[in-house]
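Take each chain as given, in its own frame, and dock them per the hints.
Chains F and Z, in that order, are what the protein sequence lines are. In case it helps, UniProt numbering puts the first sequence at residues 1 to 516. In case it helps, UniProt numbering puts the second sequence at residues 1 to 714.
Any given hint could turn out to be false.
[Unchecked claim] The calculated label-pair distances, taken between Cβ atoms and stated as ranges, are:
{"no.": "1", "chain 1": "Z", "residue 1": "ASN529", "chain 2": "F", "residue 2": "THR405", "range": "49 to 59 Å"}
{"no.": "2", "chain 1": "Z", "residue 1": "ASN529", "chain 2": "F", "residue 2": "GLU144", "range": "45 to 55 Å"}
{"no.": "3", "chain 1": "Z", "residue 1": "ALA334", "chain 2": "F", "residue 2": "LYS503", "range": "20 to 30 Å"}
{"no.": "4", "chain 1": "F", "residue 1": "ALA249", "chain 2": "Z", "residue 2": "LYS595", "range": "49 to 59 Å"}
{"no.": "5", "chain 1": "F", "residue 1": "LYS199", "chain 2": "Z", "residue 2": "ALA372", "range": "44 to 54 Å"}
{"no.": "6", "chain 1": "F", "residue 1": "GLY389", "chain 2": "Z", "residue 2": "ALA686", "range": "28 to 38 Å"}
{"no.": "7", "chain 1": "Z", "residue 1": "LYS600", "chain 2": "F", "residue 2": "GLU205", "range": "41 to 51 Å"}
{"no.": "8", "chain 1": "F", "residue 1": "GLY389", "chain 2": "Z", "residue 2": "ARG705", "range": "22 to 32 Å"}
{"no.": "9", "chain 1": "F", "residue 1": "THR405", "chain 2": "Z", "residue 2": "LYS548", "range": "48 to 58 Å"}
{"no.": "10", "chain 1": "F", "residue 1": "ALA329", "chain 2": "Z", "residue 2": "SER685", "range": "35 to 45 Å"}
{"no.": "11", "chain 1": "Z", "residue 1": "ARG691", "chain 2": "F", "residue 2": "LYS166", "range": "53 to 63 Å"}
{"no.": "12", "chain 1": "F", "residue 1": "THR439", "chain 2": "Z", "residue 2": "ILE698", "range": "50 to 60 Å"}
{"no.": "13", "chain 1": "F", "residue 1": "ALA47", "chain 2": "Z", "residue 2": "LYS600", "range": "32 to 42 Å"}
[Stated by the list, open to error] Incomplete in silico selection of chain F near chain Z, CB under 10 Å:
{"no.": "14", "residue": "ALA10"}
{"no.": "15", "residue": "PHE386"}
{"no.": "16", "residue": "ARG390"}
{"no.": "17", "residue": "ARG481"}
{"no.": "18", "residue": "ALA485"}
[Unchecked claim] Straight-line alpha carbon distances no greater than 25 Å define the calculated BS3-like cross-link-like pairs of lysine-lysine that follow:
{"no.": "19", "chain 1": "Z", "residue 1": "LYS567", "chain 2": "F", "residue 2": "LYS388"}
{"no.": "20", "chain 1": "F", "residue 1": "LYS199", "chain 2": "Z", "residue 2": "LYS8"}
{"no.": "21", "chain 1": "Z", "residue 1": "LYS8", "chain 2": "F", "residue 2": "LYS342"}
{"no.": "22", "chain 1": "Z", "residue 1": "LYS561", "chain 2": "F", "residue 2": "LYS388"}
{"no.": "23", "chain 1": "Z", "residue 1": "LYS709", "chain 2": "F", "residue 2": "LYS243"}
{"no.": "24", "chain 1": "F", "residue 1": "LYS199", "chain 2": "Z", "residue 2": "LYS14"}
{"no.": "25", "chain 1": "Z", "residue 1": "LYS603", "chain 2": "F", "residue 2": "LYS342"}
{"no.": "26", "chain 1": "F", "residue 1": "LYS20", "chain 2": "Z", "residue 2": "LYS383"}
No lab work stands behind these hints, which were simulated from the structure alone. No residue lacks a Cβ here, since even glycine has one placed at the ideal position from N, Cα and C.
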Amino acid sequence: MNMQAKPVIARRSPGPDGEKVITLAALAVGGQGGGVLTNWIVDVAEANGYNAQSTSVAGVAQRTGATIYYIEMCRDTGRQPVFALSPAIGDVDILMASELMEGGRAIMRGFVTPGRTTLIASTHRIPAVSEKIIPGDGRANGAEVIEAMGIAADHVVAFDMETVAKQAGSVISSSLLGSLAGSGALPFPRESYEEVIRKSGRGVEASLRSFGEAYDIASGLKPAPEAEAEPVKPIPVLHVPAKLKRKWAALETRLGALPVEVQEMAGLGLKKVVDYQDIDYGAQYLDMLDKVVELDAAPFEMSVEAAKYIARALCYDDILRVADIKTRASRMERVKDEVVVKDDQILMLTEYFHPRFEEFTTTLPKRIGKWLQNRKGLEAWYAKRFDKGRRIRTDSLRGFLMLWTVSSLRPMRRRLLRHESEMAHVDAWFAKVLEVAKTDRALAGELLANYRLIKGYSDTHVRGLSKFARVMGALDMLKGREDAADWMRRLRTAALDDVEGEKLDGALATVRSFAG
Amino acid sequence: MAERSFAKEVQKLKQGEGETFTGEGILGITKALLENGVGYVGGYQGSPISHLMDVLADAQEILGELGVHFEASASEATATAMLAASVHYPIRGAVTYKSVVGTNVASDALSNLASGGVTGGALIIVGEDYGEGSSIMQERTYAFAMKSQVWMLDPRPNLPSIVKAVGDGFELSEVSNTPVMLQVGIRSCHVHGHFTARDNKRPEMTVSDALENPKRKLDRIVLPPATYLHEEEKLTKRLPAAQNYILEKGINERFGNASGKVGVILQGGTYNTVIRALNRLGIADLYGDTDLDMLVLNCVYPLVDSQIMEFCEGKDAVLIVEEGQPNYIEQQIAHMLYKAGKTVRLEGKGMLPMGGEYTGQVMVDGIGAFLAEHAPAMLPVQKTATNEEPVAIPDLSKTLPARPPGFCTGCPERPIFAATKLVEEELGPHHISSDIGCHLFSIMPPFDLGATTMGYGLGPASAAAFHNEDKKGRRSISFVGDGGFWHNGLTSSIGNAVFNKSDNVIIIVDNFYSSATGGQDILSSRAVNKTKQTQNSIVDAVKGMGVKWVRQIDRTYDVTKMRDTLKEALTTEEEGPKVIVASSECMLNKQRRVKPQLAKAAKEGQRVVRPRFGVDEDVCTGDHACMRLSGCPSLSVKDTGDPLRDDPVAAIDQTCVGCGNCGEVADAAVLCPSFYQAEIVTNPSATEKRRATRARKIISWLQSRRDAKRVAFA
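If we strip away everything but chain Z, and leave its shape as in the complex, we get (with noise of 0.2 Å):
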């Protein structure tokens, strides 16, 4: 993490027992570790967990002091492979990344983790990127613990809750010899709170004498025969395990009245939210406190049928509220109470949505409806009739403008695909396949490019099929970033390539940065880092795979340069894959960094170049040309006030980073001369401030003849 200091969460970190720790739930997650004797920590960047990550990268000083190693994983394989450090030894060791998107990529590693079992405890902290304001697909990670049996934590979303799952995690998972999932969401992730801190713990073993002390079991190994025996083991042995630990340590919580006819059972996950729910249904007080029998399953997988079975006796109805789909634990529920014959009413999918997140209002109409049909007495009168007559709110759905993310202010990818856009108008449309990254962006408007996308890496290996019989034919783009690249895209996408002599072009993007997730350093970062070693040439691995026609641009700025190369690479005859990295530090990270350097440096009184770009209202003539190859927020339409013209005039305002693009494009496509760039110079020398007086007395005396010449208008 180059460009940003976690210096006051690192501070957090080194809170000791009493104190009252106070920060977001993800943060917290990262203090229980280092609590809980944590060896090692490793993992993939992403939301919501990357400040996990980040913190940890910025405090070397306190794992060195207790003797934790931590790395940034490179990718979530790497990351689950980790954990085989717990394999033979009695260390804990924790593995972070987003999910599911991660743990589709870690799967490998997770089963054969999952097979041979591990000594110590293994916890994998998996953000949950599911609902509203995510940015995957929406899918389980349930279904990875359920068919590698790992067990699932998906504790009650508060700041005591979650950090005491960490702790439950690891004493399960060497209970068990299961690996153990953390599941946290979003908002998890990010809410603020408060919990009372322990003293950091060093860890009993270190990966250092784990090293000095090499130990191998052949049955912890997956090979024939021990894989049978690693099967027998999960069922008889660590499920059984398992579901014991969860019962004796109480890790599931039971709420309200034990004795009632109706009962809700629920992921802790989702327990805010139910208890919100039944609060203005009038059931629950705004502390929790209610008649309704909730049993609240902090460790969703695996669930222990006694505890199921019991809860379930003597009830009309239960409910089970599980978000997402498939609904695995309501149809576990299902097959036991089948099994045993049991005639209570269950309810779950149905009363409430198949998908979705399970916002506040899903919440209400589902738990009502669940209540209003199996036990209306609980309902307060005047939740079910009401006075209250609807408003009629206008409809603003076609009025509102839709407002996705895009790229940031400066970005240096935007040149490109401008670039794109412009290759496009002159050879036509292309088969345009995109990858995982800020650069996906592009499929937004202004833009409009890419068809899809494949996974993190896989952009240029989702144009495989794509073989044009026609050698002079029309070739496929795919993009991909260099987070990216390096995470997977080197060997399935450039390598793969290369082996089956593709013909088709891939724009490597390289901003120096894993930037979506938070700018953190890659092998191929810029900067200096103490504890990774980076400045490794995209370029030459490229060349190491066998690419042949490869191109590097160091200013993606340069719209025509990176159009010209890209039309050459359409259009040359060279066989094999055409790679174009297209290099410019991201202007968020770039910002980060420079902006203090060049304040330091003016206040010194050295000489400071600042540049902005600005539009000559009178030479813009409202077309948005320009808008439509940019998209930047700083780029934006402004009323002119003269009464001849019609339409807005583009307007540049004072964010503004001079980055150059406007005029570049203005300049590749010949949009028009309004653009200029000014540059605004702090502490001038004495030579340039001579110069600029001169020409100024020269200017002004020119300007004052020619208007002595006509008619002038203010």
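With the rest of the complex left out, here is chain F (with noise of 0.2 Å):
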């Protein structure tokens, strides 16, 4: 906890009219438009007879930094009071906060004081990178700053501004604006403010729609929209092919035949599999998923897990997968929605390759690819003439029906170098998952939890698998305790927490120590 020192006794005085000072700190992300705000800001005082003044520290601003925006007013009385040129600690009325970080920054910095401080903040997220380059997810914890804005505010204005902006065709500092109208917390009407946007004269209409609709939500006019809360889609089946329905429909009822509380997952990942490859490769994750279930009793957490890995598993990114993705009518959908093209404009695709003699040999059947494997002169002259990025331009006929050509190879899938190795793999990893699952469900939920570890491609991906290594390695130390899952969860916790690897030498000397 964040004592506060000593009490907080230092409260500015009113003028002998009783006008007082204004103080308005806000927070930005670099790049946000906080210039933008602070003008808006300042005009709307002096065209109410205030006196203002705005600093800043710029420079950094545009390049992604924290920045801080500052403004003072006081109506006028014909004297120029004297305003300060920084927030001060307990000094500030009004802190706005253009992303949720930085609305707990300014907490954190005694910019929010009980009391006093209207808080009017995005809840919306900008991660900074050290919360992007974590293997797994290192987004902060966004519900611990929003309780903490309860805390330490008088009045907390705080929703996603930065969609309200966006769907109004606008950015962000006009859904600020419009919150600070909205707020109450300076005494100027509405049509002040809507006034300031008319006359700065860029993009008007949509930033006073933002502008309204944020006021409407900050005013308690509407309610905040809702943070879609990712409901899980059922995904529904488009089309089968008459010559499958048959099969099809037999796996649809194996499905409905497990447990309810697996049924959700196990249709994700069925449909996953099945997507991936083929029908019959769906019966083979049937059969996987039937094995766990054999050994779990209600509530089925070790099946649900299992549900979940045992389809990833058996998904692995090779060539093929990332072929028959790039090559699909939905695919093409998306990227242009992405990018925004218009009826009247062209989009040209280009993909980014870079087939290494590994992917080359892996996507050959077994033999031929492990002959070649063997060819150390085979490689180096591969190396030399083909190991380089490729682009390929899927909008054109050529690229297309390259990738086109090596998705097609699908069916051959089974009887394919990688296949084999990944099949191995898979099956060392689910034979140790149904031994543990005999003794110890939680620890063999954990054990199928640790896929999770492998992802990526070449490099990352070798990578990854030396993780789930080391983390597997940890299983004959920790069978048998009763903490052993906790164990098991932490370990893969800590892979996933770092590049190098060095908290989970941490985390597996830690259960040494204890294990040995």
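In structure tokens:
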């Protein structure tokens, strides 16, 4: 807990006519238009007969760092007040944060004071570099910050202002201004804000829409936009060829026979596996899953993990898969949507591939692939001739057909070298899971989840495999312990947390110290 | 300043008598220079004074009309040396730079200028980059003022006071034949305010006039025996003249009740924060009216002994508010009081912190403590006692991610460091020397490259000691930007490496501008600049210095080439420094330049291609390896909404400028095939459209054929 060392005693005193200085600080991430917002607020204040002064520490603003803008204003009485040049701890009336963590930073820096500060914060996230570079999920805990807001601020206006602005075709400065106006923290009428936006001259209509929407939400006229709770979308089956109808129906029946708790995840898994390869592969998936379910009991947590990770293990990332995805109609539509292509425009699409000798040989039938892999001279020759980045234009016939051809190798996948090594890996893992499941279901669940460590392509994939091997290697030390599942989970988390594996080394050393 | 227009600001410089000027502090200073008949202006860009340079660079028309010469100096030393024009001639001159770094570079010229003294007013506007948000080491410029005996103004931070200080500075300089520093903090420079303008004034003598009528006075030249005379003159003539002027013109201000038993002596620059603290303590109103006796030093050097002694007379205790350390002012005042045998209690550092910015809370605490001890009766009761319960606020320090500044979206320097990282993965870690400039962001995640930074243009110089006895052993890698290269690097870094037969590797990061300071043109800028000679080749300059191994990379985004070139530089058997010039235009400035052009072309019906990158989320496995080699603001993580997946995947947002780094890195590092480059063609040609339609038809036929044969899901 961050106890304030001393009771807050130093409050500003008003002028002889009751006029007060209002202090407003805005914390923004560089490039969010904090300067525009600052100018708007100053203009609104001046239009309402206030003296206003703004300062900022610019320079770093354009380069993604956190930036503070600061405004003071006071009803004009004919004398110039002495305005401060930077926000002071415990002395900020209105704190605006254009991103959730920046709101948290304001609290930590003491700019949000109970009983005094109106906190206006957008709850959307712009992950910092340190969050993005974690191999697992490195994103900070937003709920904690939102909770702290409620404790630290006198009045909180917090919602996703970025989305509100975007939906109106504007940028966040306009929805922040709308939230400020709607919060009622400043004694200025709504019209005066809108007038200032109108005078600013660029993107006026969109800005006004965004302003108005945010105003309504901040003043309680409208509910805040709900964060999309990401419901599990049941994936509809679009089409089943006549020849396969009977087989598919059989799989669906088997799915229905699974415990209710497992069905949802198993349904998703089954579709993923069938989509990846074919219906027989789906049957293989259900066979594996059944074996786990047999060893499980309500609430079937282990089986849910199995439904999830068996599907992932079966659907390894190979060139066939990539070519398949990149040549689908739905993918083309999504790209067009994402990069915004209008009807009278044309989209050129370039894919970046870099197939190495390894990818080449593992995409060949087992025996040829192995034979080639043992020819070192050939590998060197390949490296010289072919080991380079390839740019493939999938909007052109030639490029599309290249990928199309690769993707059409799909029926042969089971005969390829890659499949053999992948299945050997899966089998070894799955055997361990089944063995452990007999005695320790929680631990077996964790072993299943360890497959999360395997991801990426080429070197990243190799690193993932090695992390997986090291985490799984701790099984013998942990087996039979009551806290085995817990430690297995900790090892996995450590492995996900850093690239070099130093945290994993540390965690493994700890395990060795008590298990050795 | 190639890619930004300051036309609006330039208009403000034209304002005449009685008009209300509105704008930032630094622009107010710029206007004040013209109002005070300045004859020439120079300087080196840097926060917080870049704006002065940028606006004047665009104001050629006004400057021409007034007969004022402006130039963007090669360095702060050049700028200060430029003030030599005021030594023999009665011409007012002003230069500006960031301090303390700029003053460091300028100090050779500053000492010489200060020794001989000046005839025309010589003003050095130093942008003091101290305290929160500063990008440089925390030192004071004050020491330079003391050692060279040049005067220093530190006006109250409001536009009328700052603007007045410009005029005062010129006069003070002229009456005391001494250069004057006008110190302004970051926030004073960026504070928005108003003042009443006056007409611009043509200098009484222009630099052209001086050239036509050359003058020299032997006793002003820094050479013995004149130097002994100069020292004597500083003490016996210039200092007393300055002190007289300060007293007579009332440069320092007195506020509050002069008969008070306690008082505060403060630097002008801290005035607003002090008043706010007093207001919060219930001792001043919001206009600054107070009973507390205050001496505001708008001139912080020299101090006027008699003024200080008079202020302290009859007081029980005096507080010195002096930001930064060492506490030179406090020491001087303590010395005065001790010599005079005074018993007044002197407080300062101790009650206030030794170092760091004096922010609002620091000032409340310090002044509060001073008053509580020496004048408790002045503090209202409610300020010392409270019933308010402290509220426990959750500690978020472990939750919040740091957000240090980093490379912009599409920055051409990013691929250089991605390549460096790839080379290190192969050859192991190296000693890396960094320099000043945007490229210094390499020390932050995700790159974590660079061990030291020793000053502008000194990156390779700071690797000078690293001489490997083993010719085949590891070499150091050092970086220098194009700005630093021309500022000081060509001689201090490149020349030094050639002369001393260094075997190390030097990468010159050439992005066509002095980018970190706002995108000003420099010698090697590619743009055509009406008033400057640009397009001077770095490669030629490096070769001219005697470097034999030079490689030019024209497109830094070619990560593979960048990586291979660096690897070659680190392993080649050729002797002497290995220099790689890595060139691509600063993306921020490129966008400023290109965006309007493209928009116009598209409107006129011309074929325009807009590139953008994207990620196939089904192909992305969420290992974030790409982000560990990028850190681009437009490349981020997002949830997939798929319960089968645990980790967020990579995603590229609308701000992507399509620089190509993502694809190149994925290729060079053999990461993954998730990235695609989309090029959106506006106004495509008829053939292009026909071809696209045909391809689309065949492709969708193939797709529907495949889908018909398998179980298809949405």
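Each hint tested on the structure:
Separation of ASN529(Z) from THR405(F) is about 53 Å and conforms to the stated range, judged on CB atoms against 49 to 59 Å. Taking 45 to 55 Å as the suggested C-beta distance range, the pair ASN529(Z) and GLU144(F) conforms, at roughly 52 Å. Checked against the hint of 20 to 30 Å, the pair ALA334(Z) and LYS503(F) fails, with Cβ atoms roughly 53 Å apart. For ALA249(F) and LYS595(Z), the Cβ-Cβ distance of about 57 Å falls inside the hinted range of 49 to 59 Å, so the restraint holds.
The hinted range of 44 to 54 Å is satisfied by LYS199(F) and ALA372(Z), whose Cβ atoms lie roughly 49 Å apart. The hint said 28 to 38 Å for the Cβ distance between GLY389(F) and ALA686(Z), and at roughly 32 Å that hint holds. For the pair LYS600(Z) and GLU205(F), the supplied restraint of 41 to 51 Å is violated, since their beta-carbon distance comes to about 22 Å. In this structure, GLY389(F) and ARG705(Z) meet the distance hint of 22 to 32 Å, their C-beta atoms being roughly 31 Å apart.
Here the CB-CB span from THR405(F) to LYS548(Z) is close to 49 Å, well matched to the stated 48 to 58 Å. Between ALA329(F) and SER685(Z) the Cβ separation comes to about 26 Å, which falls outside the hinted range of 35 to 45 Å. In this structure the supplied range 53 to 63 Å is violated for ARG691(Z) paired with LYS166(F), their Cβ-Cβ distance being about 35 Å. For THR439(F) and ILE698(Z), the Cβ-Cβ distance of about 58 Å falls inside the hinted range of 50 to 60 Å, so the restraint holds.
The given range of 32 to 42 Å is respected by ALA47(F) and LYS600(Z), whose C-beta atoms sit roughly 34 Å from each other. Taking 10 Å as the C-beta cut-off, the interface hint given for ALA10(F) holds, the closest approach to chain Z being about 4 Å. Proximity of PHE386(F) to chain Z is violated relative to the hint, the smallest CB-CB distance being about 13 Å (cut-off 10 Å). A distance limit of 10 Å between C-beta atoms decides the matter here; for ARG390(F) the minimum to chain Z is near 8 Å, and the interface restraint holds.
Among the interface hints, the one on ARG481(F) is violated; its C-beta lies about 25 Å from the nearest C-beta in chain Z, farther than the 10 Å criterion. Given hint, ALA485(F) at the interface with chain Z, is violated; its Cβ is 17 Å from that chain's nearest Cβ, farther than 10 Å. For a cut-off of 25 Å, the pair hint linking LYS567(Z) to LYS388(F) stands: about 17 Å separates their Cα positions. With a CA separation close to 16 Å, the supplied pair LYS199(F) and LYS8(Z) stays within the 25 Å bound.
Under the criterion of a C-alpha separation no larger than 25 Å, the hint pairing LYS8(Z) with LYS342(F) is inconsistent with the structure, at around 36 Å. The hinted pair formed by LYS561(Z) and LYS388(F) meets the criterion: a straight-line CA distance of about 12 Å does not exceed 25 Å. Under the criterion of a C-alpha separation no larger than 25 Å, the hint pairing LYS709(Z) with LYS243(F) is consistent with the structure, at around 9 Å. The suggested pairing of LYS199(F) with LYS14(Z) holds, with an alpha-carbon distance near 24 Å, which does not exceed 25 Å.
Taken as a hint, the LYS603(Z) and LYS342(F) pair is honoured in the structure, with Cα atoms around 15 Å apart against an allowance of 25 Å. In summary, the hint linking LYS20(F) to LYS383(Z) is supported, as the alpha carbons are separated by about 18 Å, within the 25 Å threshold.
The structure is inconsistent with the numbered hints 3, 7, 10, 11, 15, 17, 18, 21, although it conforms to all the rest.
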